[in-house]
Amino acid sequence: MILGRAFEDMCAQMYFRGKMFGYVHLYNGQEAVSTGFIKLLKKEDSVVSTYRGHMHALSKGVPARAVMSELFGKTTRCCRGQGGSMHMFSREHNLLGGFSFIGEGIPVATGAAFTSKYRREVLKEADCDHVTLAFFGDGTCNNGQFFECLNMAAIWKLPIVFVVQNNLWAMAMSHLRATSDPQIYKKGPAFGMLGIHVDGMDVLKVREVAQTAIARARSGEGPTLVECETYMFREHSLTGPEELCDPAEKAHYAARDPIAALKRYLIENNPASETELKAIDKKIEELVEDAVEFADESPHPPRNQLLENVFADPKGFGIGPDGRYRCEDPKFMEGTAQCKKRGIERGPGGGGETPGDPSFGEGIISPIFESALPLASCQFPKKFTKYLTSADEAHDRDVSIHWQPYFSLESLLSEEPLQSSLDLIAGQSSSHHAEMEKGRQVKELKGQGRLP
Amino acid sequence: MGEEVGEYQGAYKITKGLLEKYGPERVLDTPITEAGFAGIGVGAAYWGLRPVVEFMTFNFSMQAIDHIINSAAKSSYMSAGQISVPVVFRGANGAAAGVGAQHSQCYAAWYGSCPGLKVLTPYSSEDARGLLKAAIRDPDPVVFLENELLYGESFPVSAEALDSSFCLPIGKAKIEREGKDVTITAFSKLVGHALKAADILAKEGISAEVINLRSIRPLDRATINASVRKTSRLVTVEEVFPQHGVGAEICASVVEESFDYLDAPVERIAGADVPMPYAANLERMAVPQVEDIVRAAKRTCFRSR
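Quick mapping for you: the protein sequence lines, in order, are chains U and G.
Residue numbers 1 to 452, in our numbering, belong to the letters of the first sequence in order.
Residue numbers 1 to 305, in our numbering, belong to the letters of the second sequence in order.
Pulled out of the complex, with its shape left as it was, chain U reads as follows (with noise of 0.2 Å):
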């Protein structure tokens, strides 16, 4: 909390210095939501949250001076300069980004709850019980986006918990002129989720209901809904004028202050004395300072860093090893017409001039039925076993398979070593998986007598 107050302070004096520039949206006051919340997490569980995003980077454990060099648009680690104060990511921290439109980073995060699910009952990885963590504010829940993934999360069970940061005020409009009712935690049960209201500025207090709502989570109950009241010390961003919202308001939150609040609980029930304390402050100090110095020194971008990074593929589809595009490649086309087998005489339209000629909207389908890889040890709930044919059940039993390699007639029929072209892509050489699969296509095309 000491860090996330000192780096923001840090921050809006460097901002009046002319060292950074743009929007800057300061934590101050807010502590104990992040730090309560995000303490809790493993290294695996993601964060997402909103413009107002330094301390979540902080918590989640990107270092101080890549989170500086990135405000002073410098090229040195976060995003190199590229993103700003308002999208930090970290691919390492499973930071998922600071998002600037309100409302944009819940669906996003829905999503990542959603993967962490889908890996642990689609794709068996019984160890992936990953959560993820949604801030936002009070403005943000009148938002349409969030009242869709509310009911998303709910009827999909995902492992997510919104946390909701009713600091009052959405820039100068009062949340309590803006929402029919304001309290926001009772749009939890609306959806069939647990709404809990808690005292955002006593961090104690927050790490309670976080450990709650994270153990919910990861024990696959489903999403929490949880409404932190807590207050901004400062303004709404650095840019910005001075709001209306009444001084007898600031300095009642002012006295509740987390982070005097921590200390006099510490002091009190002696687990930490004053010069602990003191000495933590002075080490803080040091780290932010030394944060700045970093980041001064650091460079800025050099001029092609530009254009770098647009895509993730540049060249459309995908260079193969030899440096050509992967579909020049000749041997890419290697093949027979397996998918007729697949099923690309399913699908709309038929009433083709030539019976056989493929319509357009079977030309949109057949690729996903393709590309869409049958995963083989998927075990369906019971009551979708109907879905499964007898093919699928078959190899149920033998092996679980992440990849699953297409092969050319000649190369089953031939000794020599496997080398599908998807290996080719995926530059996947699971020789074990694809001897199994072999095996497993060999055994089919025999019995349909396509084989001898």
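These are computed hints drawn from the structure, not numbers from a lab.
Ideal placement from N, C-alpha and C gives every residue a C-beta, glycine not left out.
Any given hint could turn out to be false.
Distance condition first, Cα-Cα at most 35 Å in a straight line; then the derived DSBU-like pairs of lysine-lysine [stated by the list, open to error]:
(1) 203(G) x 157(U)
(2) 21(G) x 117(U)
(3) 446(U) x 157(U)
(4) 205(U) x 39(U)
(5) 124(U) x 13(G)
(6) 124(U) x 230(G)
For each label pair, taking beta carbons as the anchor points, the in silico distance ranges come out as [as the list claims (entries may be wrong)]:
(7) 211(U) x 32(G): 34 to 42 Å
(8) 215(U) x 29(G): 46 to 54 Å
(9) 175(G) x 310(U): 24 to 32 Å
We have chain U; now place chain G onto it with these hints.
Showing chain G alone in chain U's frame:
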């Protein structure tokens, strides 16, 4: 995932049989929440899954355009390559028959102007098959614009296309018909119109080269310019609003790169600059017809005589 893709077998029956084969955990019927499920698709793609998100029509994608542009297209850049978004947004695009103004817009130009997205517009079955496979395998967000009126139309395909590894490159246009007098560029349904126009023109002694753009972004400027340098005349054809459209971009590209080779001003055939009317005769006037393309091609050919 999308609306009605599972139990209803697809709003246009495109996804028939998918639920049966892959089960409800992989083929998701969503509630009517475009912004929500487009965002969920993007979030899942951040984590390495490869979702295919269907919009019943791309008109509905306007409710989710924030996610397509801001969370999908821009993420690779904003995160300096840490996060790639291998998601495919597909669905019906452009004018259908008699569906009115809010269901008839073509989004090629809007999505085509945004860096970070790949935008594909298949015409034939072979295009659809090859491009969709390439799109799913591509590590970047792809907007795949289909056409409702083409779903039932059949096309002959080469034996290569039936191969299960068949893919087409993203960013390359196809010359559907070679010619030497005038270049006609088109995409999606209007490629069919352009080919018919080329047949009519051939009877009058004008040999038209028809280019099927296939990929709006990245646009295959090399093929278009090479063709214009060969024929010296250009007609661009697109279905919907002319201002800031695909034809405008092609015209600018040709003027920038092949100005000296042009023998006539570029002709731009587009839909009428009005929201699509409902009445059948008005609708027919609002969308380019084969005769319009023929007239434009003739204008380019006779101007310099």
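Evaluation of the provided hints:
no.	hint	result
1	203(G) x 157(U)	64 Å, violated
2	21(G) x 117(U)	20 Å, holds
3	446(U) x 157(U)	44 Å, violated
4	205(U) x 39(U)	14 Å, holds
5	124(U) x 13(G)	30 Å, holds
6	124(U) x 230(G)	57 Å, violated
7	211(U) x 32(G): 34 to 42 Å	35 Å, holds
8	215(U) x 29(G): 46 to 54 Å	30 Å, violated
9	175(G) x 310(U): 24 to 32 Å	28 Å, holds
When the structure is compared with the earlier hints, violations turn up for hints 1, 3, 6, 8 and for no others.
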